[in-house]
Amino acid sequence: MKDCGNRSKARRFYERKRGAEGESRRRIIEVSVSRL
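Reminder that position 5 of the sequence shown reads as 14 in our numbering, one-by-one numbering, no gaps.
It is worth saying that the hints were derived from the structure and are not from the lab. Everything numeric in this text was worked out from a predicted model, so none of it was measured. Be careful, since some hints might not be right.
Stated by the list, open to error - Across the chosen pairs, the derived CB separations fall in these ranges:
| no. | residue 1 | residue 2 | range |
| --- | --- | --- | --- |
| 1 | 37 | 14 | 34 to 40 angstroms |
| 2 | 18 | 41 | 34 to 40 angstroms |
| 3 | 37 | 17 | 29 to 35 angstroms |
| 4 | 14 | 42 | 37 to 43 angstroms |
| 5 | 20 | 41 | 44 to 50 angstroms |
| 6 | 43 | 22 | 30 to 36 angstroms |
Glycine included, each C-beta is placed from N, C-alpha and C at the ideal position.
Using the sequences and the hints, build the whole thing.
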């Protein structure tokens, strides 16, 4: 059970990390598009 809990926590952490990276990339794309 503990392993499953740790896995879900890690999954959430990785998802959060991925989401932050995706947001930053989207912002960069939006900025570059707005500049064009």
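Status of the hints after comparison with the structure:
For residue 37 paired with residue 14, a C-beta distance near 35 angstroms keeps the hint of 34 to 40 angstroms intact. Remark: the range hint 34 to 40 angstroms for residue 18 to residue 41 is upheld by a beta-carbon distance near 35 angstroms. The hint said 29 to 35 angstroms for the Cβ distance between residue 37 and residue 17, and at roughly 30 angstroms that hint holds. Checked against the hint of 37 to 43 angstroms, the pair residue 14 and residue 42 passes, with Cβ atoms roughly 42 angstroms apart.
Distance hint for residue 20 and residue 41: a CB-CB separation of about 31 angstroms, inconsistent with the stated range 44 to 50 angstroms. The given range of 30 to 36 angstroms is respected by residue 43 and residue 22, whose C-beta atoms sit roughly 32 angstroms from each other.
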